[in-house]
Structures are given as C-alpha cells and as structure tokens.
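K.L.:
Spelled out, the chains give:
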Amino acid sequence: MNDSVLNRRRFLTLTGGATLAAGLAACTGTGGDTAAAPAGGSGNGSKELRLFTYEDNSTIDLVKAQVKAFDAQNGTTTTVDSLPGSGAAVYPDKLRTELLGGKGPDVWRIWGGQIGAPFVKSKQAMDLSSYYTKFGWDTRLNPAAVQGMTFDGVKGGVPFIVNGIGGWYSQAAFAKAKISAPPKSYAELEDMNAKLVAAGITPLGAGGKYGWHVMRLFEYLLETSAGPELHDKLLTGDESWDRPEVVTAFTTFKKWQDQKWMPAGAVGLDPADVELWYVQGKAAYTITGSWTEAQGIQAGGKKSADFGVFTLPTDHAPDRHSGFVEGYMVNAKAGNPDMAAALIDFIVKPDTQKALKVTSSAVTGAEPDKSTLPLSYEYSQGAGKQPFYTIQDQAFPKKQADQYFAIQSDVLQGKTAPAEAAKKMQDVIKGWKK
Amino acid sequence: MTTVAAPPEKLKPGPRGGFGTTVGMTIAALVWISPLVLLVITGVRPLADFVSHGPLSWPGTFTLGNFADAWNIGNFATTYRNSTVLLLLKVPLGVFVSAMLAYALAKLRIRFGAAIMYTVFLGLTIPIYITIVPVFVMARSAGLTDSLIGLVGPYLAFGIPFEVLVLQSFIRQIPDEIIEAAKIDGAGPWRVFLTIVLPLSLPALVTVFILDAVATWNEFLFALILLNSDASKTIPVGLLNFQGQFSNNSTGLAAGILIAVVPILIAYTFLQRWIVGGLTAGASKG
Amino acid sequence: MKRRTRHGGLVAWGFAAPALLVYLGFLVYPALNSLWFSFTDWDGLSASYNIVGVDNYTSMVDDPVVAQAALNNLIWAVVTVVVPVVLGLALAVVLNGKVRGKPVLRLIFYTPAVLPLVSVASIWGWLYNPQYGAINAGLRAIGLDSLAQPWLGQDSTALGATMVAAIWLRVGFPMLLYLAALQGINQELYEAATVDGAGRWQQFWHITMPGLRPAHYVVIALSVIDSFKVFDLIYAMTYGGPGTATQVMGTWMYFNVFQYNQAGYGTAIAVVITVVAIAVSIPYVRSQTKEASA
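Read top to bottom, the protein sequences are chains V, Z and E. With our numbering applied, the first sequence covers 1 to 434. With our numbering applied, the second sequence covers 1001 to 1286. With our numbering applied, the third sequence covers 2001 to 2294.
Okay, chain V solo, but in the shape it has when bound (with noise of 0.2 Å):
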C-alpha cells in the first residue's frame, strides 16, 4: 500500500495534483505531512457538532427541535444540514464527497446494510462497540436492527428505524371480491389473487422502477419457497442458489406476472406513484411499510379504518417478513467522538423517538400512536415483534443487488426460464464471494 501511496502522489505531483492530495490526506490520513488538518466541520474537543439527514420537510422541524433541547442540555452547538429527497443515490453521493473531501459530518443518518457497509468498510465511520456498552444500547434497541448496523462483527452504527414490510390492502377492494378475512397461507393469498381478478381489481400494486416492489415479492416468495434457514444461507452465499427452492419462487414469481397478479410492465413503474394504487381502487392491496399509512392513507384524506394490514403469510415458523434498519454513524474522525455519541443517545431515547413522531422505532418503548396511527401500531404489536430478514436490496451489495433484479426483470418478461435464472444468480452470487 505504501508502494500506491507512494507512486500515487508522485502522479499527483506530475499533474500538479497537490490539492486532491492533499484534500484525500486529510480526510484519510494517510498523508503524513497534512493529516493534522482538521476532519470534520468541528475541531478537537469542540462542542460544535454537525447532523447530517434525509429528513423531508414534514419532519425536519421536529429534528431540528429536539436537537436543539441537546444542545441546550449540553451547552453545544449542533447544525443540521438535511438534504431531503428519495435519497438511496443522492444521498450518500454526497455524503462521501463531503468525507473525501474532508469535511463530513460528525454524525450522519443512513440505511443499514449494504448502503451502510461501504462507511465502515472504509473506515470513514467510527466503530462504537465502547458506546455501546457505556450507553447500554444493546438493550434498549430492537436486537435484529443491531444486526442490520453491525459490518463484519463491527457496530458501526445506531439504528432508531426498523421498516417491516407487510401487505396494506383496501377493505372495499375485498369486500367488492368478497373477500371477508386476509390470507393465512400461500395458498390462501393465491386464491385471493384470483378472486380479485376475477372481480376485475389488480390484486398487487407493485412498481419495479428501482427493484423496489418487484423485489420484494420476490424475496417473500423465496422466503416461502426456502424457509427462513435456507434463505439465509442463500443470502451469504453458504448454499447455492442453483437449486429447486429458489427455481420454485422464479416460476412463482413469473406466473404472479402471467396471471395479472401485478400490473403489466410492473417493472418499468415507479413504485412511489404504484404504492398509492390501493388507496386509489387501482389495485387491491400493496406490500410496503408503516410509513403508508401516513403518506398514503392519510394524506389521500382516507380513514386507516377503511384499510388493513396483514403479514405476508410464508407457511413457515417463524412467520418472517422482510425489513431494514436506519440509523446514525459517527465519523471515524469527528473531533469530540463523545459528545457525538452522546447526541445519538439523545436520538434514541424513547421520548426523543415519540417526539420525532418516528412510526416504526428500534427504540423499545417507542411504539407508533395507537390513537393516530391505528393500522402501524397494530402491526408494530403483531408482525412488527416477529424476525424479520434484510431486504434484499441492502442483504446485497449494489452491485449484486441490480443484477439480482436484472435477473427478475428478465424472468418476468420471459426471457430466462426459472432453471436458468437459478443458475445465473449463482453466478452473481460467487462472482461476489469470489
């Protein structure tokens, strides 16, 4: 490695690249002569701190407020920047242009698994084992949700937010298919699929634009087709997908398509506007999480009471379904490491999450509003209990995780047969372990 620092930053010399040098130094540290600089927007044992999010403008405020009551509480100055946005790209591009640059943050929200994987990987995020123990987070937060911010055995971040994804259905489209309860097994979501076409409703509301929907159909039907042991053993390549349970959920998957399941074209569409299909009456029902409860239901001025939430059934036990985690990450170069843990202790204080009117906390004692938010507290005290497996969008790398999708993609449009689509994902899956 020195050999590359070394030729490197003779190449920079050359190309008179001295400020790229001396910019990645800084942030890296690698440089020697200029790693004194200052890393992020706060100097050493300094009480300035800055909060990097996504948050939309409906929730921005009520971050900024309780942000503020920490600083009050600990005499620091804490700037919160937010760049809003459906964020899985934007986000982070920013994010590491600001660490490469030497400028982070010290402390940023993120997603949990593969998005955040590359932070610590790189080392650009703090390992904070010692916080965990000094706060005792470990038994206040949801176990799984550690899990999804743990990387190789490192805990590199705090998780406040687990997603779990379940089906969210209109009652007038069951009661027009006379559908009188959800379905308590495969076999029963079937016939309701049928049903419901027969009675001229879209059964599924699924965009794939992004994997999104598609994707996670296709991980519940795996998850049934495999079994939760199985499953997780295909997730980290311990088993080969070039197997008959995973050509199952292929050919399972295809025949959701032929049998008009899910809209035609389902992967072309762009799951933010199919996700409102069920409270339009375009569709029947959509898998997703909590948050539609508020940002579907209600903001369409439709009453959760006229809507439901059941689990997708596996016929397995556990009954899992499929989630994922978000949280903070401290930077790995933050001038005061503990007043930034500090603020995330703050975060993940089960009043702090109530203020934050946070709907799916990993906080224990954080449950959604019973009175407001009817639907997601009972699924927080029904599945929301149960395990749940990582999305499969973040159980994989990026990289791994669009040619999975390619994969689907080209298996619902008929171009690879189940058999070969099994066979092509083993692929994909050694050509990461490789």
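These are computed hints drawn from the structure, not numbers from a lab. Where hints are given, some of them may not hold.
Stretches of chain E that chain V covers, calculated by requiring three or more beta carbons in the stretch to come under 8 Å of a beta carbon on chain V [said to hold, decoys possible]:
#1 2039-2048
#2 2125-2133
#3 2224-2230
Below, a sample of chain Z positions facing chain E; criterion: calculated Cβ distance under 7 Å [as the list claims (entries may be wrong)]:
#4 Ala-1114
#5 Ile-1149
#6 Val-1152
#7 Gly-1153
Ranges between beta-carbon positions, derived for each pair [unchecked claim]:
#8 Glu-2188(E) <-> Val-1031(Z): 30 to 40 Å
#9 Gly-2025(E) <-> Asp-1230(Z): 23 to 33 Å
#10 Phe-1019(Z) <-> Ala-2193(E): 16 to 26 Å
#11 Ser-1147(Z) <-> Gln-2203(E): 46 to 56 Å
#12 Asp-1230(Z) <-> Lys-184(V): 42 to 52 Å
#13 Leu-1194(Z) <-> Gln-2203(E): 28 to 38 Å
#14 Gly-2025(E) <-> Tyr-1118(Z): 10 to 20 Å
Computed from a predicted structure; not experimentally measured. All C-beta atoms in this analysis are idealised placements derived from N, C-alpha and C, irrespective of residue type, glycine included.
Use these hints to put chains Z and E onto chain V, whose structure you have.
P.N.:
Just chains Z and E, lined up with the frame of chain V:
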C-alpha cells in the same frame, strides 16, 4: 459585399399565404406542449386529491394553495435570490470571456489554435461526475464550500467549452473585410471586438446567453455537492424538499417547478426577440 | 493547406487567457486529478487502493453491460442527433418565415428544454403508464389496442420510449442555434431568387442550406457529443432498466463510481467516453481550422 439593415420583424410583409403553415404549426405546438398539461393540472389540485386519484385523473377540485405552500416548502424566497445572483454573476461573465476566446480563435490567428480547440472539446466530453471530488477539495481549501461564489468557477468552466465552440463558429462568419476596414481606420483589437465583433454576433450571443442561463438555472450536481445550509441553496436543490424517502409531495413539486421555470420562460420570450429581431445591421456575407 | 504566417501573438493570448485559465483550473485540472484512479482498484471511499495498471480497461471487454451500453449509445446518438436536428432546422426555417404567433410558437418548442429532469421523468412516466397512461389510452381510443404496451417496462421498447422524451426535450436546442444562424443569411439572395422565379423549396436547398453550413457543423458536433454523454435523462426515466436494457456508458460509469464502489472502473469508463467523443470531434476541428486558413 453589401451591408443590409434588415427591417424589424413587424415591418416585414404580413403573413400572406402563411395560413396553412400557421394551422399546421399550431397543431404541432399543441401536441408538443400537451405533456405539460399534466404538470399544470398536478400543480393546481390538492395533494389529497392527487394521492387518492392518481396523476392521470381529472381533479375533483382545484386550488391555488399549492403555490403558496410550495413557496414556503421550496424555500423560494431564498433559493430565488441565490439562483438569480448566481445567474447574473456567472452568465454575462461566462459569455463575455468565451466570446473573447472565440474571437482569438476565429479571427486573431492565435498560435496552437487547433490544439486549443481540441482542449475545449475535451471539456465538453468529460463527464461532470468524475470531477466533483477534486472540485470539492479545491473549494474546501479555498474556504468556498457552502458559498455561491464557490460555484462560479466550476460553472464558468463547464459553460465555456460549449459557448466558445458556438461563438467561434459564428464569429468566423464575420467578413474579414469589415475587420480590416476598421483596422485601417485605426481601431485596435479591443475596439474591433467591442464595436464590430460583438454587435455582429448578437444573435449568437443571445442564443448562447439563453442556453447558458437555462443550464445555470437548472444546474444540480455542483450545487448539491458544494452547498449545505438552507441559506445558500439554489432552486434545483430546493426542489428536493418536495421529495420524501417513500413518497413525494407531487402537487407541491409541480407547483414548485412552475414557480421555478416561469421566470426563465419569461426571460426567454423577451430575449429571443434579439435573436431574430432584425437588430443585426450588416449581417451578410461578402 | 496554406497557413498565414502572421499570428495574433500576445494580443490573441490576452483575449484567450481569461477563459482558458478558468477552464483549465476548474475543469481540466480536476479531470486530470481523477484520471489516475482509472489505473487503480479504488473503491471511491477508502484510504488505500492498489494499482492495477490497465486492468480496468481490459475488463471492460468482458463486461456484457459495456457492450450493451455501447450499442445503446450508438442507437441513441443516431436517433437523438438526426431527429432533433432535422426537426429543429425545420422549425427554425418555418418560425423565421411567415407564420402567425411566432414568439409563442418559439416559446412552446423550447419550453421542454427548461424543465428540471425530475419533472420530465414524472410526466413521461405517467404518459407511458401501461394501464392509465395517455399514450396507451390514445392507442385504445383509435382502436389500436394491440399496440398498447408497457413502454418503459420491457426491454424491447424502453430505450425507444426514452428517446422520444429526449427528442421532445432537445428540439429547442438546434432550433435556437439555427434561428440565430438564419439571421446571417443575406435577405437579398432570397429576393433575387424570387425575382428569378425560384420556388421556396429551391430557395431552401440553394440558399438556406449552404448559408447554414457552419451552423450544421457546430449543431451536429455539439449534438453528437451530448448524445455520447447522455446520463441524467436515462437515469431519471428508467434508472438503466428494466434490467440493464437502457444502460448507456454515462449511466454505467455513474453506477460504478457512485453505487458499486468501483471508482477505478467507473473512471476508466469515463476516460473511454471522453476519448471516443474527442475522436469524433476531430473532423469538426479540422474543418474549422482549415476554413480559417483557406
């Protein structure tokens, strides 16, 4: 060669015989603009109506309230000011220095002209994405992150290649005889540039000005990377405020986009008259 | 090729310097800084990386997505250069002539170019919606039900559907440049031709087209380069999908640098894009410098 003072448009013969063309063009224009109807409709319906009926339905009710909401959510009071300041700082300066370089390339027989042209082409072809980390590092070492001034340098640099290539092509068309005649009258290079080259290139200058103004007004990536605080954000970054992680405030966004583009369209309507407005005395080739 | 010996000397450099300095400082220099990473396996975040020589370049040969992206780029270049340039030229000629409401018409055909891409992607996504979109609804209304399809949701139509939106966006650009160029054609030529009894079509071929020759060069050169660099419209409309059906070199570079943590490989793709675009610009620069010395 002849010097023609083209008459202003109004004085040209009326649209005699243009009836068929007018009808055809009107139909084409209606087709062309029709997708925008969706944007306008979305902007004038309540969010609940949009969420509960979808984008392709006729609104149950109409409202202008989105515009007031959008003004606040998009922080337009600030972003408008920032974008305008940036545009006024950057675009005239960019067009002017580009015209200077274009003049040097087209008429001053600068040494290594071809090499400069290739270098300028290089700038058109480099994907902006691979430069953002170095640019961020430069801005940081100059203390210019989170500052509009920090954007001016990169914006100028990414506008220059395109402006130079267009302008040099037009400036080349100016007859050498006009320039020679001025020189005989004792005009130096600056006077030739300011009193002959620039006025004769007016249609091209205005065209480039419009294209550059639109690009600056809509520039997203550098603004996203270099600006942090709400006080320094520009319009495209402010528009992100309408997008949530899982759902968008689509009606607010549509209203916000209309707020964002209307001034640039008004400016365009005004400026395009100078492209074709008959102010180009002496526009002819020998 | 005869070259005049007299150069502009220092005066010429004085005119060139401000733009060149800004350009070299804020564009060429950062770009060169990044060039190095195309010879490394840098992930885009870590402090360390290894030098891998030209591996990133050779592995492009084995990357099936690169092959697909290159083909898509080629199709994209042909369609989104030819169609907007021809339409833009036609619009410029018509809107420079005898039509009522020219300012409004010029505004309408230019308006799409002003819109932020996020709205372009939403609007066209809605229009292309297989079940509720205006395009399929229109086809069904005129009895062409069989042609209605999930335009953005299948490999066979996604690129074409995206190109339609690109054409819609891009027509204003050649239109403006041609409008400006038309002002440089001597009106007397048309008057003389009319006196001689030449029809409009003859006038177009014998006066307008030759008069626009320099404009053709610059419009086509800029359009071709733009088509090679295309990134954000595709990214916003299809995200490169379904699968990798609409990946182009620009999006594939972006995915590698920013999403796959393969900054070295992505930078190599960027270098290839740049080299190809430069190669394409050679005839243009030649034509310009040749004319200068002619």
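K.L.:
Against this structure, judge whether each hint is valid.
P.N.:
Hints, one by one, checked against the model:
1. 2039-2048: Check passed, 7 qualifying residues.
2. 2125-2133: holds (count 7)
3. 2224-2230: violated (count 0)
4. Ala-1114: holds, 5 Å
5. Ile-1149: The hint is violated - Ile-1149(Z) has no Cβ within 7 Å of chain E, the shortest such distance being about 13 Å.
6. Val-1152: violated, 9 Å
7. Gly-1153: holds, 4 Å
8. Glu-2188(E) <-> Val-1031(Z): 30 to 40 Å: At roughly 36 Å between Cβ atoms, Val-1031(Z) and Glu-2188(E) fall inside 30 to 40 Å, so the hint holds.
9. Gly-2025(E) <-> Asp-1230(Z): 23 to 33 Å: Distance hint for Gly-2025(E), Asp-1230(Z) holds at roughly 29 Å.
10. Phe-1019(Z) <-> Ala-2193(E): 16 to 26 Å: holds, 23 Å
11. Ser-1147(Z) <-> Gln-2203(E): 46 to 56 Å: holds, 54 Å
12. Asp-1230(Z) <-> Lys-184(V): 42 to 52 Å: Once the Cβ atoms are compared, 49 Å apart, the range 42 to 52 Å for Lys-184(V) and Asp-1230(Z) holds.
13. Leu-1194(Z) <-> Gln-2203(E): 28 to 38 Å: For Leu-1194(Z) and Gln-2203(E) the Cβ distance comes to about 35 Å; the hint holds.
14. Gly-2025(E) <-> Tyr-1118(Z): 10 to 20 Å: holds, 18 Å
When the structure is compared with the earlier hints, violations turn up for hints 3, 5 and 6 and for no others.
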